[in-house]
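Peer 1: Just so you know, the protein sequences line up as chains U and P, in that order. Offset between the first sequence (1-based) and the working numbering: plus 11. Offset between the second sequence (1-based) and the working numbering: plus 32.
You may find that some hints are simply not true.
Unchecked claim - Chain P is faced by these chain U residues, among others (derived, beta-carbon under 8 Å):
| hint | residue |
| --- | --- |
| 1 | Val225 |
| 2 | Val330 |
| 3 | Gly349 |
| 4 | Glu354 |
| 5 | Ser366 |
What the hints assert, rightly or not - Footprint (simulated), chain P over chain U, 3 or more residues, beta carbon under 8 Å:
| hint | region |
| --- | --- |
| 6 | 341 to 348 |
| 7 | 367 to 374 |
What the hints contain is simulated information worked out from the structure, not anything from laboratory work. We treat Cβ as the ideally placed atom computed from N, Cα and C, and that holds for glycine.
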Amino acid sequence: MRGIVKHFPGAKALDGVDLEVRPGEVHCLLGQNGAGKSTLIKVLAGAHRPDSGEITWAGEPLTLTSPVAALRAGIATMYQELDVVDGLTVAENVYLGHELATAGVTQRRTVRRRVAEVLARLGHADISPQKEVGELSAAGKQVVSMARALSHDARLIIMDEPSAVLDSEEVANLFRVVRGLTAAGVAVLYISHRLEEIRQIGDRITVLKDGRTVAENLAVADTPTRELIRLMTGRAVDQVFPARTPVAAGAEEVLQVEGLGLRGSFSDVSFTVRAGEVVGLAGLVGSGRSEILETVFGARRATSGSVRVGGRTLRPGSVPAAVSAGIGLAPEERKSQGLLLDEPVYRNVTLSTFSRFAAGPVLDERGERRAAAEQIAALELRPSDPDRPIRTLSGGNQQKAMLARWLVHGCRVLLLDEPTRGVDVGARAEIYALVHALAEAGNAVVVVSSEIEEVLGLSHRVLVVAEGRVLHTGPSDEIDEHRVLDLVMEGSAA
Amino acid sequence: MSESLPPSLATAGGVPPDPDRPAPLERGAGGAGHVAAPGRRGLPGGGLGRNLGLVIALVALGVVGVVTAGDRFASLDNVMTILRLAAIYGVLAVGMTFVITGGGIDLSVGSVLGLASVWASTLATQAMTESFHWIVMVFTALAVGVVCGVINGALIAYGKVVAFIATLAMLVAARGIAEIIANRRTQIVEVDSFLDTFRAELLGVSVSIWLFAAVAVAGWFLLNRTTFGRRTVAVGGNPEAARLAGIRVRRHTLYLYALSGLTAGIAGVMMLARTTSGSSTNGSLYELDAIAMVVVGGTLLAGGRGTIVGTVLGVLIFTTLTNIFIQNNLSTSAQSVAKGLIIVVAVLLQQRLATRTPRART
Numbered sequence: 012m013r014g015i016v017k018h019f020p021g022a023k024a025l026d027g028v029d030l031e032v033r034p035g036e037v038h039c040l041l042g043q044n045g046a047g048k049s050t051l052i053k054v055l056a057g058a059h060r061p062d063s064g065e066i067t068w069a070g071e072p073l074t075l076t077s078p079v080a081a082l083r084a085g086i087a088t089m090y091q092e093l094d095v096v097d098g099l100t101v102a103e104n105v106y107l108g109h110e111l112a113t114a115g116v117t118q119r120r121t122v123r124r125r126v127a128e129v130l131a132r133l134g135h136a137d138i139s140p141q142k143e144v145g146e147l148s149a150a151g152k153q154v155v156s157m158a159r160a161l162s163h164d165a166r167l168i169i170m171d172e173p174s175a176v177l178d179s180e181e182v183a184n185l186f187r188v189v190r191g192l193t194a195a196g197v198a199v200l201y202i203s204h205r206l207e208e209i210r211q212i213g214d215r216i217t218v219l220k221d222g223r224t225v226a227e228n229l230a231v232a233d234t235p236t237r238e239l240i241r242l243m244t245g246r247a248v249d250q251v252f253p254a255r256t257p258v259a260a261g262a263e264e265v266l267q268v269e270g271l272g273l274r275g276s277f278s279d280v281s282f283t284v285r286a287g288e289v290v291g292l293a294g295l296v297g298s299g300r301s302e303i304l305e306t307v308f309g310a311r312r313a314t315s316g317s318v319r320v321g322g323r324t325l326r327p328g329s330v331p332a333a334v335s336a337g338i339g340l341a342p343e344e345r346k347s348q349g350l351l352l353d354e355p356v357y358r359n360v361t362l363s364t365f366s367r368f369a370a371g372p373v374l375d376e377r378g379e380r381r382a383a384a385e386q387i388a389a390l391e392l393r394p395s396d397p398d399r400p401i402r403t404l405s406g407g408n409q410q411k412a413m414l415a416r417w418l419v420h421g422c423r424v425l426l427l428d429e430p431t432r433g434v435d436v437g438a439r440a441e442i443y444a445l446v447h448a449l450a451e452a453g454n455a456v457v458v459v460s461s462e463i464e465e466v467l468g469l470s471h472r473v474l475v476v477a478e479g480r481v482l483h484t485g486p487s488d489e490i491d492e493h494r495v496l497d498l499v500m501e502g503s504a505a
Numbered sequence: 033m034s035e036s037l038p039p040s041l042a043t044a045g046g047v048p049p050d051p052d053r054p055a056p057l058e059r060g061a062g063g064a065g066h067v068a069a070p071g072r073r074g075l076p077g078g079g080l081g082r083n084l085g086l087v088i089a090l091v092a093l094g095v096v097g098v099v100t101a102g103d104r105f106a107s108l109d110n111v112m113t114i115l116r117l118a119a120i121y122g123v124l125a126v127g128m129t130f131v132i133t134g135g136g137i138d139l140s141v142g143s144v145l146g147l148a149s150v151w152a153s154t155l156a157t158q159a160m161t162e163s164f165h166w167i168v169m170v171f172t173a174l175a176v177g178v179v180c181g182v183i184n185g186a187l188i189a190y191g192k193v194v195a196f197i198a199t200l201a202m203l204v205a206a207r208g209i210a211e212i213i214a215n216r217r218t219q220i221v222e223v224d225s226f227l228d229t230f231r232a233e234l235l236g237v238s239v240s241i242w243l244f245a246a247v248a249v250a251g252w253f254l255l256n257r258t259t260f261g262r263r264t265v266a267v268g269g270n271p272e273a274a275r276l277a278g279i280r281v282r283r284h285t286l287y288l289y290a291l292s293g294l295t296a297g298i299a300g301v302m303m304l305a306r307t308t309s310g311s312s313t314n315g316s317l318y319e320l321d322a323i324a325m326v327v328v329g330g331t332l333l334a335g336g337r338g339t340i341v342g343t344v345l346g347v348l349i350f351t352t353l354t355n356i357f358i359q360n361n362l363s364t365s366a367q368s369v370a371k372g373l374i375i376v377v378a379v380l381l382q383q384r385l386a387t388r389t390p391r392a393r394t
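If we strip away everything but chain U, and leave its shape as in the complex, we get (with noise of 0.2 Å):
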């Protein structure tokens, strides 16, 4: 596929994206969250139409219009949940969509004669066409999807992330099977995060990052793993980061953060961010850094450890008691976890201070409005209109009016996770700008970004977190991100 663009109202998904698997071959998928993967798998299952650049299947052009369209050219899509009815036999659920029937009535001996073929081809000939796939592992699962994407006689396999949900064991299973099916000249696309994994399987590599092909068919054999962890976190375009104002000496420790954990997730961390200064967290997908912020917010209730704001201790999970103490999260997925997508520009921005307008309960929608409308001008939110329904603002927009709700709360600590996730490159310039403002005026501030560029030129200090632990503390200036790599990777493989 060549130059394939999707627009979503706002947003850009997919920026001229290049593909190109062969007959036979494990080709890998690289990117971070939001690089793009799953809207080209979509676009590729028929579930998405591109607005423009073209697919050819075998030489022909080839274009789809639905799934079921994929499907007929010999497209097969394992999505990343599990997209198996639980209620219904191994053998129902291989089929399903495609029954074989005469006149209405299912060719039941048929069907499980030709699943246990398939299971047999799997190498799971241990499971029983008749058995209800809800009773099965993860692992079988995935084993009925792999069936079903095979018993539609595919060409070409898309496996987002299969092995997310396999323990080791089965995911030595799953390689065996995709070995087979590559060796009887089914290609297979296939996506993960473990970069072991495609170490272990993958035959070349295609990165994608912000919607681009960053890195084409590179040959596993021959690309360093850090190699492949900067292409994915590595800049975009050379982004200049303003220079870093010294944070003043004695000020305020305002976030103390002491031996927190959260059981399953991360343990032990600690960290103290004075007014004014930037603190980056450093780390890749799945690290913890995520659930460090939720955590020092309250959203999620630390199974140890403490948090202080201004040397008052917080009560743990409780996020109206760190909103009262002046933090604010603006969240990694701002859509869903911090927007009402249907309401006007003002309501966002005070959806955390509404009441405080409010004369006893009867709202002051003229003073949120005016509180807002300053924000919007300080912030150059754009367009500045407070009364727009927030969909329609682009993604950069959306995020400064998350950081206007912080500040009309008058926030002492912000917590920014992914501050330019979905945020076009070009608008990137202002949010770092605006966090600069942000701790200049005062505040103390904590930034999560997969991108390790971001977080080493934004802050004052940085943490590098690998599996759930802080593996260094220091300057920023005195780490670069060879070095960063270099932890994570030590990290990630412990």
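Got chain U; can you put chain P on it based on the hints?
Peer 2: Structure of chain P alone, referenced to chain U:
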């Protein structure tokens, strides 16, 4: 320029707001609640255009009524009859509007109404009322309603039981308790002061209609002009965003069901006054009508957008329809078919409106 930011910020801009990349799609898209409907500005009841459609529907029904039943329909007496019928449903529907806007559903209101009417008309309550005041009966009914609502809310908000199931359980249980208390007998209200108060007329309009009007106005104010209403919209529109903004989502959910219980209690009092008896079958299946009226009125079943004006119009449309069928001596079965059609048409229209707006995610 805000005080919270230094002037240096003003120079930070200068890059045009290009369309951005979307939020990542790797994780499951957030709650299903916010895929529909354009944003509404602070219009009373949410969207004049939609309410205009309902008004037109109501006027059309009126024309049908006049044409088919003539003066029997178009008399002041009959209008009052329609309004009296609307009153009980209307009070329930206002409470239901809050629950649905907040992203929930309350199937128990009909049963709770029945239980409230039975409890308020037991011999013991009436005996106490004789020696004190009719307010005792009212208080009993309201308390029963609120307690049932709090139980619903606690199960849903803190017990994490799905609203449909929790309130379905209450529907069955409240009806059962009412039967036990009433011993399957109808309890006649013999407290004259109670009947005198609630069967009276004020300026030629019966008290129950005034009550409906008061509940509707209070509901409109609560939903559109208070922090409670704002929280309701936030909790229904995107509970996670509301939680991360510091709103106590669970507590608010509890309040919503308590409010719905309270309106069921009020409706119970009105029912007692209308039928002069407490019966365990009072309010049977009213919950379905109330939900239908709310949805026809334009409140989004997925939560996040609600309109009291629309609900009132929905109530009037349904009760006018019922009245037309009665005036023309048509069967209640035909009436049910017509109601079903109205619900389908209204929801289809709602979906049309919803799909016309762009969606950020698919």
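Peer 1: Hey, does the U/Ser366 contact hint survive, CB to chain P under 8 Å?
Peer 2: Holds, because the Cβ-Cβ distance from U/Ser366 to chain P comes to roughly 4 Å (cut-off 8 Å).
Peer 1: Can you take a look at whether the region 341 to 348 of chain U is actually covered by chain P? Rule is 3+ residues, C-beta closer than 8 Å.
Peer 2: holds (count 6)
Peer 1: When the nearest CB of chain P is found for U/Val225, is that gap smaller than 8 Å?
Peer 2: violated (14 Å)
Peer 1: Take the region 367 to 374 of chain U, compare each residue's beta carbon with every beta carbon of chain P, and decide whether three or more fall closer than 8 Å.
Peer 2: As far as the region 367 to 374 of chain U goes, the hint holds, because 4 residues have Cβ atoms under 8 Å from chain P.
Peer 1: Close enough to count: is the Cβ of U/Val330 nearer than 8 Å to one in chain P?
Peer 2: OK, holds: U/Val330 within 8 Å of chain P, min 5 Å.
Peer 1: Under 8 Å, Cβ to Cβ, is where U/Gly349 needs to be relative to chain P, so tell me if that hint holds or is violated.
Peer 2: holds (5 Å)
Peer 1: A closest beta-carbon separation below 8 Å is what the hint needs, so does U/Glu354 meet it against chain P?
Peer 2: U/Glu354 check passes; min Cβ-Cβ to chain P is 6 Å, inside 8 Å.
When held up to the earlier numbered hints, the structure conflicts with hint 1 and nothing else.
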